[in-house]
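Letter by letter, the chains look like this.
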Amino acid sequence: MSRALKEKIIKNVLFLFALVSIIVLALIIIFLFMEGVPIFGVVSLKGFLFGTEWYPTYDPPEFGIWPLIVGSIVVTFFSALIAVPLGVLSAIYIAELAPPLVKEIFKPVIELLAGLPSVVLGFFGMAILAPWLQQTFDLPTGLNILNASLILALMAIPTISSIAEDALYSVPQEFKEASYALGATPFETVTKVVVPAALSGISTAVILGMARAIGETMVVLMVAGGAAAIPESIFDSVRPMPASIAAEMGEAPFRSDHYHALFATGIVLFFMTLGFNLFADYISHKFKEVGSATL
Amino acid sequence: MKWRYFKQTCFFIIVRMSAFVIALSIGAFLVYIAVKGIGAISWEFLTEKPYDSMTKGGIMPAILGTFYLTAGAILLALPLGVVSAIYLTEYAKQGPMVRTIRIGINCLAGVPSIVFGLFGLGLFVVFLKLGSCILSGALTLGFLILPTIIGASEEALKAVPQTFREASLGLGVSKWQTTQRIVLPNALPGIMTGSILGIGRAAGETAAIMFTAAAFFTAKLPSSVFDEVMALPYHVYVLATAGTHIEETRPLQFGTVLVLVALVLGVDLIAIIMRSYVRKKKRW
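Here the protein sequences line up with chains R and L, keeping their order. Numbering of the first sequence is given in our numbering, commencing with residue 1 and proceeding in unit increments. Numbering of the second sequence is given in our numbering, commencing with residue 1001 and proceeding in unit increments.
Note that these hints are calculated values from the structure, not bench results. Fair warning: there could be bad hints in the mix.
Part of the chain R face toward chain L, derived, beta carbon under 8 Å [claimed, not checked]: (1) I10; (2) E35; (3) P85; (4) L97; (5) T185; (6) L278.
Rough simulated footprint, nothing fancy, chain R against chain L, three-plus residues with beta-carbon under 8 Å [unchecked claim]: (7) 1073-1087; (8) 1146-1155; (9) 1258-1271.
Note that CB positions come from ideal geometry on N, CA and C, so glycine has one too.
Hey, can you work out the whole structure from these sequences and the hints?
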């Protein structure tokens, strides 16, 4: 076999392997639809998405996932309220303020937080945070939106912090020097030069952090309380989409309407996170700065 | 003039405080888990099976199950991920195709683990009729950590200086041989670091194995890849939420959590230390 031919074959085999990720993504979509679409023979798409009653085991059952969607959005929103400032500010600390030794320690610590299994954080929320919240605020249950948001924030912080830190770090040194040369204080340099220059990276970080929070399962399954109703305060229980799927799939009879409805919930969840990810990808490419010359 | 510096001082205090709050919560969390869990840990706890409807005994089957699932996942994801990364960094020409593959990898990385669980249930458990077993779970976890491995391998391959490749190609060595003998060995430490992080992720994953592999309780240890297994993360979930003895088994729960955290963070810590060692030892 000639060498050129051999190289060509190798290249094409490698290409096939590189396609595996796309194939898996396609298979995920195919199987979600295959198992999820039959529910739309029972309930309309509008009734499924915006129906406010989720009673899959009643007779007759109700398959409206609006309370679940609201639950997901609410916990993600409140966790973002906590995680975005903490994540971005800690990124500023690591990139701009921290002495080298502190930086050396703090970065791996954030990485360790990212590696903590979600079930452990869920357990923490359930066994420690919930009783504390219940006592402190005198609530019927400590498993509620507040608890879930706090724990989800803890999961989103490392994502936000590490991506935002990369963005801040890659702002060219010349920018800062120019700013100092004009007589700006370090504070003015950070807030008016460094952060605006890294804004696309910081936005990507925030979106990916929220995507992580909305798709997170074990935390919301264990600490969100599980009530499939539209919440009225942050001390109410909710049942976000991942929690509903995880909790009910075990009991749903194989290929029953309930089973199909849970897969259809998976489709909604999948496309929500896909949207977040594509948006993040778009922002990071559209506003990519390749050096000081592009700004 | 004073006002400018006052603003700066305030802002920097807030920045330092937020870093401090994060560090404090991680520290408090780890110390709390360690203190509460250490009492439950004993040789028996690590080597015995649970009994009396899981209110007594140890967690050995769950440790073993997590080991099997993680090993299976890495066996699938490591070769696939490294080869994908080699194509993307060494062979591919930038263009719409590569851009599509990259977007695909990013999107796969963002798929929620519960959706991976549904995918594993639909494809492996139901469609391929494997049932809920080690094989289904390991395959699901393997695809879940694939983007992590690809990302880490790409980074490691890119870090190998271009001059190495040029020197080899200049001697008349073919591209594949260059990749195999020059680029890969130099990228190996970086690839291994990434894989270890993948192992940590797979070992702690719960939602993806709930419907594909994990069992509430198994009377026997698994004898083939077609058996259901207990797994540490799922065991934590089961002990904490199901059954009538939740308060009674709290010590067991804290013990299991401590073992899981120690396992996952231990694995991650090895990767982090290895990475800083490799960076310091770099000869170029």
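| field | Verdict on chain R covering the region 1258-1271 of chain L, where coverage means 3 or more residues with a C-beta closer than 8 Å | value | Satisfied; 6 residues make the cut.
| Verdict on chain R covering the region 1146-1155 of chain L, where coverage means 3 or more residues with a C-beta closer than 8 Å | Held - the region 1146-1155 of chain L has 3 residues with a Cβ nearer than 8 Å to chain R, which meets the minimum of three.
| task | May I ask you to test the interface hint for L278(R) with respect to chain L, counting a Cβ-Cβ separation under 8 Å as satisfied? | result | At 7 Å from the nearest chain L Cβ, L278(R) passes the 8 Å test, so the hint holds.
| message | Interface hint check: T185(R), Cβ to nearest Cβ on chain L, cutoff 8 Å. Holds or violated? | response | 5 Å, holds
| request: Tell me if L97(R) is really an interface residue toward chain L, meaning its C-beta lies closer than 8 Å to one of theirs. | output: 6 Å, holds
| Hint check: is the beta carbon of E35(R) less than 8 Å from a beta carbon of chain L? | 5 Å, holds
| Status of the hint placing P85(R) at chain L (closest C-beta pair under 8 Å) | 7 Å, holds
| With a cut-off of 8 Å between beta carbons, are at least three residues of the region 1073-1087 of chain L near chain R? | holds (count 5)
| query | At a threshold of 8 Å, is the proposed contact between I10(R) and chain L supported by beta-carbon distances? | reply | Result: holds, 5 Å to nearest chain L Cβ.
Against the hints set out earlier in the document, no violation occurs for any number.
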